[in-house]
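Student: Residue numbers (the UniProt record's numbering), protein chains in the order written: chain G, 1 to 788; chain A, 1 to 238.
Simulated from the structure, these hints should not be mistaken for lab results. It should be emphasised that the depicted structure is a prediction, and the values quoted were computed from it without experimental measurement. Watch out, some of these pointers could steer you wrong.
[Said to hold, decoys possible] Covered, in the sense of this in silico footprint (three residues per stretch, anywhere, with C-beta under 8 Å from a C-beta of chain A), are these stretches of chain G: (1) 220 to 231; (2) 683 to 693; (3) 771 to 784.
Just so it is clear, CB atoms sit at the ideal spot from N, CA and C, and this is done for glycine as well.
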Amino acid sequence: MVITPLRRKVLRDLARLWPQSLAIALVLAAGVATMILGNGAYSALSDTRARYYDTSRFADVFADVTRAPRALLDDVRAIDGVLAAEARIVKLGLLDLPEMVEPGTILLVSLPEGGGAGLNRLHLRQGRLPDPQSAREMVVSEGFATAHRLSPGATLTVVMNGQRRDLMITGIALSPEFIYALGPGEMMPDPRRFGIGWLPRESLAGAYDLEGAFSNLVLVLAPGAPIERVIADVDRLTAPYGGTGATARADLTSHAFLDAELKQLGAMVHVLPPIFLLVAAMLVNMTLSRLVTLEREQIGLFKAIGYAPRAIAQHYVEFVLTIAILGIAIGFAAGAWMGAGLARLYARFFSFPFLVFSNDPRIYALAALVTAGAAVTGALFAVRAVLALPPAVAMAPPAPAEYRQQGGTLWRRLGFRQTRIMTARHLMRWPMRTLSGILGVALSVAILVASLWSFGSIERMIDITFFRTERQDVQMVFGQPEPLRAVFAARQMPGVMVAEPFRAAAAQISHRNLLRKVTVIGRPAEPRLSRVLAPDLRPMDMPEAGLILSETLAQVLEVRPGDNVTVTFLDGARRSLTLPVSGVSVGYVGLGATMDIGALNRATGGGQMISGVNLLIDPAGLEEFFDAAAASPKTGFIAVMGLTVARFRATLAENITVMITVYVALAAIIAVGVIYNFSRISLSEQGRELASLRVLGFTRAEVAAILFSELAVIVLLAQPLGWAIGFGMGLAMAGAFSSDLYRVPFVIGPAVYATASLVVCTAAALSALAVRQRINRLDLIEVLKTRE
Amino acid sequence: MINEPDIVFRTKGLTKSYRSAAGEVQALRGVDFQAARGEFIVILGPSGSGKSTFLNIVGGLDTATSGEAWFKDHRLTALDARGLTQYRRDHVGFVFQFYNLVPSLTARENVALVTEIARNPMSPEAALALVGLTDRADHFPAQLSGGEQQRVAIARAIAKNPDVLLCDEPTGALDSATGIRVLEVLTEVNRRIGATTLVITHNAAIRDIADRVLRFADGRIVEETVNASRKAPADVSW
Ligand SMILES: Nc1ncnc2c1ncn2[C@@H]1O[C@H](COP(=O)(O)OP(=O)(O)OP(=O)(O)O)[C@@H](O)[C@H]1O
Ligand SMILES: [Mg+2]
């Protein structure tokens, strides 16, 4: 490459304007990094999941039954579109671990058939699979093993169907079914209290009296098979055996949580990079416009001596591209680095045997291309006007900036000082630049508002769910429904102060052609522990007949109080009836429907049964209670609300620092980039005037205040705009994040706005200070010797 | 040390040297000078003789290398940057060749800029009336001719009722008719507010309007002429 004079000028300009160029490069880098991170993480997560599912022959359809004969499996296999099917035994067991006061839960799953050949194959990390003949051997999930420092050879005591059994751990494994291993009644995975154990079929069959029978079906479908029809067929076949309805893979907890994560990543990719690219384009435009104004006469000269406009434009584009390349390089590095960090985070939350973080060059190429495009667009808009000028006009000094008398008398009447009028007129003289500055700072505020609101929203979720709705200390869920008198037995257990029964019944609720599978909860007429809240947060009594639906479910089914819905219970009798919707309740987790426990039992026709009890427990008697509960054969699992909340909070706390750091850094990059460039441009335009004011006896502080008040106006006007944009972004994100799994309440308090503004104002103040040095160094005598 | 109440400026052995890569430049080589209240002094001299350097030091814009400069009982050569700023603000009015007006402020507002921070100012309107620009008060600098802009600069300089008015080639960028008009304004102002006025010029003809004429050469005052009678600017031939 020949170093032409114009090229040398590019390098000299870069050296001279390096702080401004760096600020722009950093904004570009943030755009590149978020694009790479978002796209990279998205494809890493979805590719890894797809590959893992594929290599382990992960099932497409899952179905639970109470007890079905193995002969039924042949009928299932015969369903059109079913490629393979397996019958499993899946049961919850209790864990009795010396290091834990409360009993943990272990999901016991029969091993895939034919060793490593079946469906939902295990990925062995250590050790070996259990001997199919042995009733004393088990493989456990890796997260659980790590949390308890278990390795092959260790023994674990499991309460199965009320019987304690010591099992030897022969190996540690992963399963595609439990990438995100959420225990029953939990909101966050807690590998300490929930694990998965795989045992030989016979071993489990013996423990749960399921010889020659199964409790769970997994199916792989032929490509293109109509899943809805297969599910309908499976439901028809399993209904007589207590089938509660088959579910597609998409509704599986583990899968759905991964989907939710993918959705959030997708939202990030669509929101953050465009913001950075827009801001960067505006900064390039601002900075280059000023540069071009200063170099107007040179441009005229170049044109006069025969340089084509293209060549001159190319010069400025090269200048901007150099900055863009720097930004892209920083962005590549930052994106790869943050991607590795995110992969580590995923490895903690999601149990994958491998992580495909492909570093796809196409993602990088796209990021580089889009970024360079944004920068060049900003540049071309800046040079367009000057290139159009005839050389003679360009070489003449520009006509002096025309100021208008706008509001002069008004300001004087308002008691505005002349320096304030200078500020106001200068801002209004360049409306596009002023608006760009305001928009840029506003976007930085908006990024913070749109990310910080989630913390308050989580607190609201916790408050509503655990302190106003589920107020019990412990929820004890029976292995199978028990007669109502089990409440009295529970009441007699040590430490129990209050016991409140509940009934859970799987059902399909439909309205017109809308249909959802939910668990209908039966509660006492006036529940005291596990309550339901009206939208105004007042507890609701159970209606005599009729259902209360959660807001989410009511929305999904498009019903309002007073409408009728059809409820089909999915247990043995499969009763179907029409019930009125009596009310709508708040709730953030899952789709909820509730009714009076008596009415529910009458509706299902199964007699006065309960599924479990909610308990208040005297803290002093807690340990004794847990021992008794673990020993009781009725206990299916025990959810301890305090631990669930603590785990939820702890998990969030781990991420909160990382998240806040990242978002504050991103917002600060924008704020600093915009404010620093804006003030440097403003200083370049007004340096002469400011020096003149110093000659007239204005102090350094007074002169700096003129420039700073310009920045203050930008920053202040940007706040409400940023709040509004952030509010809109947050609202859209809350909508995008919500699913049938959980709904994210959009709560945003003054603290969010205040924090966002504080961060941005601090960043602005720091960049103003950087310019302050230059104001102090203004050369007073120089301005007297030269004409502008 | 200064007890003669009429002495406004006094310098002794004032020197200024600039050190640069190319070597040392002696801009002032010992200037001894006094000026009395209300005096109108014209400073002449070849280019590079140190006129501006001298004016800038007594105006508190620049610092001397050695020697002393006094304004009344303030020892300028002992003041720090903050003290010099305060001195300029309270006592000095400047007029420069290139006006140095703020383009975003009207004539009136340019004057008000100074009256707002002055201890004992006249009104911007009165200052503009003194320079004969009452009817252009609401015009921006870009809407005024060079001479008018210079008169606004003078109005801005005198509006604070300064003790001294320092003018560095105030007519340098103007044609002769306009220059005369500006000089008339300066002498008029000097008479009205009694400010000690120092005017640097290349136009030797202007010497006749002064009370006293100093000639600089090679960083020193080489000649001092006291005019027995002052001419009106209009009577000066350019
Ligand atoms: N910042 C500086 N660095 C180096 N030398 C300087 C500087 N400022 C002035 N000088 C030198 O000091 C000397 C006096 O300069 P000064 O500006 O006082 O001259 P002047 O008499 O005002 O000339 P003119 O009539 O051309 O305005 C000159 O030789 C000049 O080159
Ligand atoms: Mg000079």
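Student: With reference to the structure, classify each hint as holding or not holding.
Tutor: Hints and how they fare:
1. 220 to 231: Result for this restraint: violated, n = 0.
2. 683 to 693: This one holds; 4 residues, not fewer than the three required, reach chain A with a Cβ under 8 Å.
3. 771 to 784: With 4 residues closer than 8 Å to chain A, the segment 771 to 784 of chain G meets the three-residue bar; holds.
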